[in-house]
Structure formats: C-alpha cells, structure tokens
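Protein sequences, first through last, are from chains A and B. Numbering-wise (the UniProt record's numbering), the first sequence opens with residue 1 and increments by one. Numbering-wise (the UniProt record's numbering), the second sequence opens with residue 1 and increments by one.
Hints were generated in silico from the structure; no laboratory data involved. Any given hint could be a false lead.
[Claimed, not checked] Sample of chain A residues with no beta-carbon within 10 Å of chain B, all distances over it, derived: (1) Met52; (2) Val160; (3) Ile342; (4) Asp343; (5) Thr361; (6) Phe423; (7) Glu459; (8) Thr485; (9) Pro491; (10) Leu565; (11) Gly896; (12) Leu938; (13) Leu972; (14) Lys1073; (15) Arg1125; (16) Ala1139.
[To be verified] Derived SDA-like pairs (lysine to any residue); straight-line CA-CA distance at most 25 Å: (17) A:Lys1162 / B:Thr182; (18) A:Lys29 / A:Val41; (19) A:Lys1120 / B:Leu191; (20) A:Lys363 / A:Arg350.
Virtual Cβ for every residue (Gly too), placed ideally from N, Cα, C.
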Amino acid sequence: MANFKDWALQYVLADDEPLQFEIAKKAAKEIESSNASRATVGNWAASVQPWMSRAQAGDDDLMEDGDDGGSGDIIARAKALGFLAGTLEALDKTILRTDQIVFLVGFFGSMFSYDHKAGITASTKALRQLFVMKGFKPDMGVKMLEDVCKLKEDFRLQSVVTRLEIYELFRSLVKDPSVSSELQHKYGSSCGFVVDLLQLCQHERDPRNLMLWFDIIASLVADYSPSEEVTGEIFKAFSAYFPISLKSSSTRIGITADDLKVALRSCFAAHQRLAPLTFPFLIQKLDQGDAVTVAVKLDILRTIKACVESYEHPQASLVPYIGKIWGSLKYEVRNGEVKETIDATLDVLRAIADKLDGSKTQKLEASLLKGYIDTVFKDCKEDLANPTYTKQAGLLVMTVITANIRGYVLESAALLDSIRSNFRQPKSPSHTRDLLLILNSILKARLELVKNRGQGHPEDAEQLKTEPRASLDALFHDIYLSTWTAKSSEPSKENTEVLKQVVQGLALLVSQQTVQQDGQTSLLCSGETCSQICTLLIQTLIKGLTLSSNDKETNDSSLEEEAQLALRTVGLNYTQAYEEFARTAKAEIKKRDWANASAYSLEALRDLLFRLAFVGCSELPHNVAGGSAGSKPFSPLQHFITSTATLLELFPLSVAGLSAEAHKESPANSYVIAALHAGLLFFRDACVAKYGADALVAFSRDDKNWVEEFGGFSDDWIQQLKSGEASDPTLSSLGEEDPEVYRQFLRLSLFIVRYLYRSATAGVQTVWSGRILSQVSNIAAFVIRNLDEKLQISCNLANEAFTLFSGKDVAEGNASPFLELLTRGVLEGLWPGAMAELYNPGGIAENIMCNPPKLEDRHSHQREIRASVALILANKHKMGPSTSDPESQTMKKVLGTWGDQLKASAASDIDLGAFESLNTIAMHIFAGAVARQDRNVLDLVPVLKEAIASEHVGDIVSRSMGILVTESELLLTENHAVVRRFYKQWAYSQIAKQFYPLALPSENGPAAATRYRAAILSIVSNCAFSVYEADVEPLLRLLITTLGDRGNVSPQQLVAALEVLVEILANEPDSLKSHLKAVIGGAIGVSEESLSQSQASSKKDPNQTSARKLALQALAAIPKKFEERYLLPHALRLQRVLAMACGDPVREVRLVARLARGNWAKVK
Amino acid sequence: MQRDNPDNANPTILNVSQLPSRAQKRATARVGSDSKYDSVVLSSPYWRDASSDDGREVREEVTDDALDEQEIYDLISTVSDPEHPHTLGELNVVRLPDIHLTPPRDNPRGLANILVELTPTINHCSLATVIGLALRVRLEQALPPNYRIDIRMKEGSHAQDDQVNKQLADKERVAAALENDTLGGVVENMLKTCAL
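Model the full assembly from the supplied sequences, consistent with the hints where possible.
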C-alpha cells in the first residue's frame, strides 16, 4: 500500500516522461508479482485517493467555474490518473481478471461523467489499455462507448490530443467484430449509439482527428446496418465537410489536403446504402457552375468515380442515377476547357461503363450497359455533325464504347457508321481532322482491348470473336483512302494536318488484329489492303526524290515524318511492307545518275536513305499470324537484313562520267554508308529498348570465331539472306523475345564490316575516298567495341586490324593513302586484353610504333592517321603484373627508340618537313602512354628538354607538347581506352613543371626561354584550371611575358596564353591584381594588332580571330572581377579601344567586344 | 515603364518565331526521328589540317561576316516598348526592310551610314521621340564610332513625323534629353531587355 502511494506521489511530482514510465513500470511489476491479487489491485487503485477525494469534494465548483486555486489540483489529479493509466500500459495484458477489468472500466468510465477537466485523457488511455486486456468482454466495450458519450458538449472543450485518444478508442471499439455484434445486438438496426457518437463529434476540425473520425464513419456505414434515418444522419455528418480543404499553415502535422480528401471520399464510397444521398448531393455540388473551382470539381468527379467503383449491386445503386450523372457530366466535356476536369469526367463515364459490364467473375445483364451507351450516343450524335463539338462528342462516345470489350462489340459499328456518314458531308478541314482523330482513337482503343482480352472475364475474349467487322473493313476505302485522294492533291497547311491524321490512322488500321474462332489472332486488313496502304506511304516518302526544288513549296517535312513512323508501325506487323519500301526506294535511286545531282536532289537522297534505315532498324518486327503470309519465315532481324542488304546493293551509286577526284568528292556514296551506320545505331537502340541494356551486356553464350565462320560464306551473304538464296539456322530459329537477337545483330554487323573492308582493299579504288574510309572505320569501331573481350579474342580481331579481313597482310604502299584508317577503326574498338599478342617483342605493335613510314612525299593526312594508330597502340598496352615482362619491355623499347630519334634529330640538321611528321607520331605515342601514366615516359623528359632547346627543331617540339594531354575521341573509355583519372595532373607535374626554370631568360638565351614558355602554355592550355592551380603565380609571369613579347611569338602561342588567362580570370582573379596594367596592356595590344593584321591581309588566320576574341573576353571579364579603383586608370583608354573593336570584321568577336564595352561603360 | 492608359491599348503583336532572324536564313538542320544520329554518322573525317600542330582541334568555324542590316535589327529589335511589355520587334515598330546600311567603302574604318525608319503602332504616338532616342543610344553603345546613325519616322507613319525627325536629328536636343534624369531612366529601362 505504502509503495503504491509513494509511487503515485512520485509520479505526480515527476516532470519527465521516462521517469514517469519507470515508476509506472515498478507499479505494474508489483501487481504482476502479486498475481493481481485483490488486495494489491485495490491498493494500487486506492493510491490515487488523496487527489480524487479533493476532486469529489469540490466537484461542482470546479466543474462550474474552474477557479484559479483549483488548477494545480486538476493537474495533479490528471497526473495521478495518468499513473493508473501508465501502470495499465506497462502491465501484462493477461494478468487482470474480468471482474477487476469490469471494476476499472466502471471507475474510468465514471470520469467521463464527473471529471471533464482532469480525468479524460488518462481515463481514455486506461480504457484503451483495458480494451486490449485478455479478460475484456464485448459488453464492456458497449459500456465504454456509452460512458464516453456522456461527455456531450464538453467533448469540444477537450484538447486536440485528448480527442485524438478518444477517437482511437472509438475506432478500436467500432472496428472490433465482437463489440460490433454486441452493439448491433443491443441497439438493433436503429443503431442509436451512432446518433450519440455523431452528436459528440460533429464539430471536429482538427485534421488528424478528422482522419480518424472519417475512418470511424466509413466503418459505421460499411460494417453496421443503420436504418435509413440513421444513415441520413451519418451522411449529414460527413457530407458537411465536403469539399474539404486545409489551410497551408496547419500542414505541419504531416497530413495533406489530399489525405483528407481521400479519407472523406472513402466515407461517400463506403456502402451502396448511401447511393440515394451521395449522387444527388455530388451532382448538385457540381452543378453550381462557376462557383466551383477546378480543384473542387476534380474532387467531386473523383468522389463520384470512387462511389461508382465501390458500390455493389449497380442495378439499385447506380442505374437509377445514371441519367442525372450523365446529364451533368456531359457538359464538363462538351464545354469544358480544363484538361484535368475533362480527363476526370471521362474517367467517371468509363467507370460507369465498366461497372455496368460486371466484374471479372460475374457479368451483368447486357441491357444495362447497352442502355447507358445508347443514352450517351443519342445525346452526342448531333454534336458529331457540328464542327464546334465534334471532338468532344467523339471523345464522350468513344470513351463509353471502348471502356470494355462488350461495349465495343455491341456499339462500335453504330459509332463507325455515324462517323462515316459525317465524313460524307464534312463541314470544314478541321471537321474532317476531328472525325479522323476520333476514328484513330477508336482504333487505338481497339488495339488495347484486343491486347488485354485475356485479363478480364472469359466471356470477353469470346465476344471479340463475334465482333462485327464490316464497318472496320470498309474504313480504308470509305474514309482513309478517299480523304487521302481528296486532300493530297491540294497541299495546304490545313490539308497537311488532315493527311497526317490519315497517315496515323493507316498505321493503326494495319496494326489491328482479329481474334479467330480458334483463339488465334491475325491481321484485320487483307493482304491487298495492307499492300495498298504501304504503297501510299512509300509514295509519300519517295516523293521528295521525284520533285525538283521548285516543286517543293515548304520546308515542312512533318507529313514525311508521320509517314515514316506509320510505315515503321505497318512494317512491324505486315512485314512485307518494309521489303516493298526497300525495293521501291532502291529502284528509284538506281534509276538516277548521281554524277551531277543538285544539292536539292542530294538532300532528298540523304533523307530517303536515312528513312530507309530508320524504318527498318529502329524497332524489331512482331511475329503476327498473317503478317508475313506468303513470304519468308519470320525473323526479328529480317528488316535489319533487308535494310543493310539494300544499302550495300546501292553502294557504290552510279556516278558515271565523273573524274576520279570528283567521284571522291560526291557525297552520294557517303550518304549510303552514313545511312548504313545510322541503321546499326538505330538497331542497337531498339535492342536496348526491348531487352534492356543489362541483358545485352550480360549476354554472352559462346566464344566462336565468327570471322573464321564468315570465310565459308559468300561475300554477298547478307544480300543472299535478304533474297532468300542463303539461310542461316541460327537466324531462322530466333524468337522475338530472345536477347540472342542482339548477338546475331552484332554477328551480321561484323560480317558487314568484313565485307566493306574486303571491298575497300580489293575494289574499285575510285569509290573509296578518305571520307568514306573514315566512315567505314567508324562503323567498324562501333561494331567491334560492342563485342566483349572474349569474342574479340576468339575472332582474332587484333590481327584483322592489319590484314583488314583479307586473310593476308596488307602491305604498305598500297594505292589509297587512307587505308590505314581501316586499321584504326578496328583498333579503336578493341579491348586492351584482346590486343595483348600484338605487343610481343618484335611484333606488329612494336614494328608500327618504331618504324615510321617515309611520309614526307605522301599525303599530309597520312601522318595524322598513322599517329592515331600509334596512339591507340601506345595506349591500349596492358601492363603485365611484373615490370620485367617482355610486353612492358616492348613499350620501354618503343619510347626509348623515339627518345633517341628526337635526340638525334635535335643534334642534326634534319629536314623540318620530315621532322614534323616524325614529331607528330612521337608525340601521339607519348600521349597514349601518358594517358595510362606509363612511368617509362619520365625517361623522356630530359630528351624533350634537349629537343626544345635545339634551335633547329625546338619550335616544332615545343608547340606540339599539347598533344600529350589533349582530349581525343580515341581516349574515351567507351572505346576501351586506358585512361587514368588524374593523368593530366601527372603529366603537368612530371613534364610541364620541369620546364618552368628553363622558361626564364638565362644562359640559354631568350629564344630558348620562349620555346620553353610555348611548351608550358601548350600543355597548360589543354588542362583544366585545377591542374595548374598551385602554380598560378609563375604561370602569370609567363603569360605576361608572352603577351608583351607578342611580336616574337606565334599566334598559336598567343591563343594558348590568352586561354589560360581567361581561365585564371574566371577562377582566381585576385592573383592578377598586381599585374592588371600589364594584362590589360597585353590584351589591348593583341586585339589591336591582330585586327590591323587581319584587315591588312586577305587570308584570314583562324588563330588571329581566336586571339582577338580571347583578348576581348579577358577584357570583358576584368570589370566584373575587380573594384573600380583598380579599373579607373584604364577606363578611358579601354572605352576607345573597345568602341573600335565593335567594328571587328567577325561577328562573334563583335559580340564579345560589345559585352566588354558594356561592362567597361559601367566603370565611372 | 508601363503607363496605365497607353496611346494604343491594343497593339498587334508578332510572335517571336515570326521575327526575322539569322537562323532562318541558314540552311535548316534535319529534324525528325531519322536524324537522331546525324551528328555521328555525317560528321567530317577527324583529321585536321596540318597547319595546326598544338594538338588542339581547329576551333569552331569563324566566318568573316561584315556588319549587316540583320545585325542592326538584332541590336534594336530587342529594345522594350515604353508602354507595353513587348519589344519593338514584336510590336513591328522596327522592321528589317526599313533598316538601310551604307557600309564603309575601301577603308574598313571609313565612314558608314545607318538609316533606321520607325513605324509607330499608331500615327499619333506620343512616345515616338523616346523610342527614337532609345534606339540612338542603343546603336551608339553597340557600334564603332565610324558609323553615322540616322533615325527617322517612316514617311506617313506618324502625324507629326517632320517634327519628330527634326528632334531626333538635333544633336544638342538629343544630348540635352539624355541629361534629363527621368528620360534617361526611361531609356535605361527600355534597354534592359537587350542582350549583346
């Protein structure tokens, strides 16, 4: 006894919750240890007596006026009761006996009659604990409910938290099945307790409490069977909140307005017994006109939809109100302007149609749905003829008809007939367009219905078999073809819009499938119709080729764009379509001589070739019965084969009568190869879209040598596959969903690469211009980089880079100086691991890298090409685990050889032209090694220093130093290049930094210092600011010297210096503060001198223009970075200079000059 | 500055896409789904001219374009109207065919003349002089000093075009107007929408 009293006192005096909880736990433990003996529980309950007796003594007074002196008592009493509730919370829920629970329920329940100020929160908490006790009986729940309802008006005066506790208690009680049945047993259908509850809670406004209250209401409606009157009362209670909103200031509790809307909506949708009240109420709200905002309208519409969907027995709960709902909703679409409300309205109408159709398991009478659709159709029929409302009316009817298969089968024919009759008397082009839009929407919806036929009631699929098809069959001739014929003859913007709809419709029409009696699907359109549609689309695409530039009035190619998308869709289902397109396009192109084609014709050719590639390769065809009737068996790669084979057959295009040089310049052939490349890219994308990028990467089944396999095929294997002369078992067994398609695509692509390479090395040389070889090498790089390392090794592609798939080494000195491009293409795509054997001592790599060809008398581009091959070889060298392995010796040897060569050249009087070639190749090899931070490069630094110091070759070496760190597409990781993340930092610190001391004028002489400056700037200007951030000071001195010495430095060096200056200005302007005069003077000097030089000479040097632009950029940036006191001394002079610069002959420079002038004008 | 009761409360406004621009004159790039990879497959060969040896790709093609009417139009069409929240180009006050440029002969620093004719939206526009003044300021700020600028009302487009023209041609009056703080503020506001 003493214990409990002490604890109660401690509890009352304690202020923090953890301590209170500890005390409650002690009490609970005490009760548990006594096994809840009568005495212990009695003592425990009596422990709060000191506070209770005071309350009862002054009860009336306290209740009435709550004088100040009593407030301390109230708090203490509330805490004392909290002690009891807390103990119950901590107590084992099985320990109390039923009689004890009855007693406690009685005790706490009495608080709701006597102690509205102090007792409610704790009592409710206690009751909630008692409710979950093992000994709890349903009749106690009824008593709890009745007791709590005694709060009456004082419920409103309770705090939000207290009310929340009470709602929690109510919810537990109302939702408990045993209490629920006890309540129904006691109160019967009148559910009298509900009325008490409603009275108690009717003024609730707190969002969190409302969430609970709505939940309680929904459960009262759904789980109890209240009489009509009580239902009416309940409806009144919750509908008063509709439409509900939430002030933004009170959203901190984590409940949004949407949560409240959803909770309230669930009250409306709780049970169909509410239907007579709900629908009229909501419709009346909707019909208030302009008073209803969009948000409220959406809420109403969504609530109606929720009711329609959740009410059962639609005959009684929905059918009587359909007329009213439709009568109100139709205007929302007919005259509606807000897309959201229109969509929400259509959702309601669709939901009604679905409800009237029945559920997945049980269908309703067909007359219900038919009646509904008829009502809608009847009202909209007239509107279909009225251009103002055609679109809206069509949307309404289409929505209800295509909501489900039954509706579609029942009524679609009537709708199609109605549209057809309107087509006969169109009011305007826009009317025609709208009717077509509706028609296309119906076809689109039909596609979905057929596709999802297995997901609904089994009857649905059966019904589709009985669909009347006469109207559908006639669509092509009656509507699409006739509209096309009428509109295509007179091109105008409006007609083009109509034609675009026709083209879209045609694609949808060909995609339509019908369900046969045996459940199989086949194409709706006959082969003849499909063929006609194809011809029409193909003619649209080919038209450009037949027109002259005068015939084409606009640049609008949107119809052609639609046509190509449509033809692609057609080709997916009706696979002959693409073959026909390829055949016709090829014939049309072959008909013409491309020797002296106009620019317009060449553009038309380019467009057609790209469309050919796009239509065939950008999506994988579907295997549809009837789609490929009478032709070859289906293969997902068939369009790809047709596309590439056709392009290969077109190449080379006839350009008879042209000289060899002119032939090479003609872009026609280049377009064919470009289209081929685009086709590969499109197909890769299509595979990624269909199978997912991960599936393609992870997919590798074997390591066959494809190249060896190709040896057994004829050179025109692809063309034979297209014509059917050859077949391939792997290709013909491919399924649509098998990711193996991608690998076979790569296999075919590799064959194409091999074919092109072999043609290039053996074929008519005039066709293979440098440009085309470059394109072919890009194709090879694309195909090969998509093969995994294993496959590259098994196909021995590293060797093919040098035999060019011809089976023998292609010797140097062959006819085309560009042939090495092909080697580059293969190497570019290879993984380093697949190239390992090239690096054997004395092997190909060493040979190529160490023995530069005699280049000086050859084409100048060859140097570039050889350099890029050498760069790849130097870069993709995979270091072995130990440094002494022979492979790394190879690289050491290569770099050493070039070091010796540079050293020897520096000391000799070598011809500068020859040296330039050697130097370019050497620098590229170094660059490849630098990218992977090959430490052997460090041995070269002294050599480079020496070479730069050489008066003879120093200039060439110093200005080519930037090559070491320049960005190159060959060094992209997607090409499997070995690029260390911080290689530029490494190169800067290991190479460029070594030159700083030498760049100062010293015993080497000013000329050597200038060359070292050039070398540093060449490297630094190719690096990001962060690389040289730590050396800004010494760098600035170099920059200023360069700008000041501009008469003696090359324009490239000036450009590099200015680039670095602009970077420093952007990133660390403060470092310039003390050099401002020199910088401004230098920039002005560059700008003025470069301008006068460029005005004096007729040949424009792009470096001069860049220098001017950069100088002005620097000047423009300065006023934004410094305070006026630093700028004022220069302002006047700059105003003059910049005003003159605004007359620069180059527009881009003028733009920068204006910016600079504007910035300096603000300096006053 | 937008006045509450503008001279022309309801002017015709051109869409930005309708305004003459240099982009329209250039050959348009291909659009459409099949052009997705044009930049990859139709790119020029990678090699550079042998003249550039520092490892950098040759920078973007810089063409030698003398200042022309379109550029003058681009400079002044973006000036805002003092009454409406639109530019003078959108309101068709400034029109490309009404810009006449006589470039310098022989010597690029020789004298060049620019004549801009304005068409107010209504013929009694009270702000014609302010507009003219703003255009003069804009051009003087953006052109080199060897360009002589002449701004006039297009013949017949304004009820008092003679007077307005006289005011705009009078250097002293122009200078005096710019000294006026209020007027200077209006002009400054009008030029806020100009880019480079």
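Here's how the hints hold up against the structure:
1. With 10 Å as the threshold on Cβ separation, the claim that methionine 52 of chain A sits away from chain B holds: the shortest Cβ distance comes to roughly 74 Å.
2. Remark: the non-interface label on valine 160 of chain A is consistent with the geometry, its nearest Cβ contact in chain B lying 49 Å away (cut-off 10 Å).
3. Listed as a non-interface residue, isoleucine 342 of chain A keeps its Cβ farther than 10 Å from every Cβ of chain B; the least gap is roughly 27 Å.
4. Remark: the non-interface label on aspartate 343 of chain A is consistent with the geometry, its nearest Cβ contact in chain B lying 28 Å away (cut-off 10 Å).
5. Distance check for threonine 361 of chain A against chain B: the nearest CB is about 44 Å away, which clears 10 Å, and the non-interface claim stands.
6. With a least beta-carbon separation of about 30 Å from chain B, phenylalanine 423 of chain A lies farther than 10 Å from that chain, consistent with its non-interface assignment.
7. Non-interface status of glutamate 459 of chain A relative to chain B is upheld: no Cβ of that chain comes within 10 Å, the nearest being about 41 Å off.
8. The beta carbon of threonine 485 of chain A sits about 25 Å from the closest Cβ of chain B, which is more than 10 Å, so the claim that it is off the interface holds.
9. With a least CB separation of 18 Å from chain B, proline 491 of chain A remains clear of the 10 Å interface cut-off, as annotated.
10. At the 10 Å boundary, the C-beta of leucine 565 of chain A falls inside the reach of chain B, the nearest C-beta of that chain being 7 Å off.
11. For glycine 896 of chain A, the shortest C-beta to C-beta distance to chain B comes to about 23 Å, beyond the 10 Å cut-off, and the non-interface label holds.
12. Remark: the non-interface label on leucine 938 of chain A is consistent with the geometry, its nearest Cβ contact in chain B lying 20 Å away (cut-off 10 Å).
13. Against the 10 Å criterion, leucine 972 of chain A stays outside the reach of chain B, whose nearest CB is about 13 Å from its own CB.
14. With a minimum CB-CB distance of about 27 Å to chain B, lysine 1073 of chain A clears the 10 Å threshold, and the non-interface call stands.
15. At roughly 24 Å, the least C-beta separation between arginine 1125 of chain A and chain B is larger than 10 Å, which holds for a residue marked as non-interface.
16. Look at alanine 1139 of chain A: its CB is around 5 Å from the nearest CB on chain B, not clear of 10 Å, so calling it non-interface is violated.
17. Simply put, lysine 1162 of chain A and threonine 182 of chain B have alpha-carbon atoms about 19 Å apart, close enough for the 25 Å limit, and the pair holds.
18. Simply put, lysine 29 of chain A and valine 41 of chain A have alpha-carbon atoms about 12 Å apart, close enough for the 25 Å limit, and the pair holds.
19. For the hint linking lysine 1120 of chain A to leucine 191 of chain B, the alpha-carbon distance of about 20 Å falls within 25 Å, and the restraint holds.
20. Distance hint between lysine 363 of chain A and arginine 350 of chain A is fulfilled; the C-alpha atoms sit about 16 Å from each other, no more than 25 Å.
Hint compliance for this structure: hints 10 and 16 are not met, and every other hint is.
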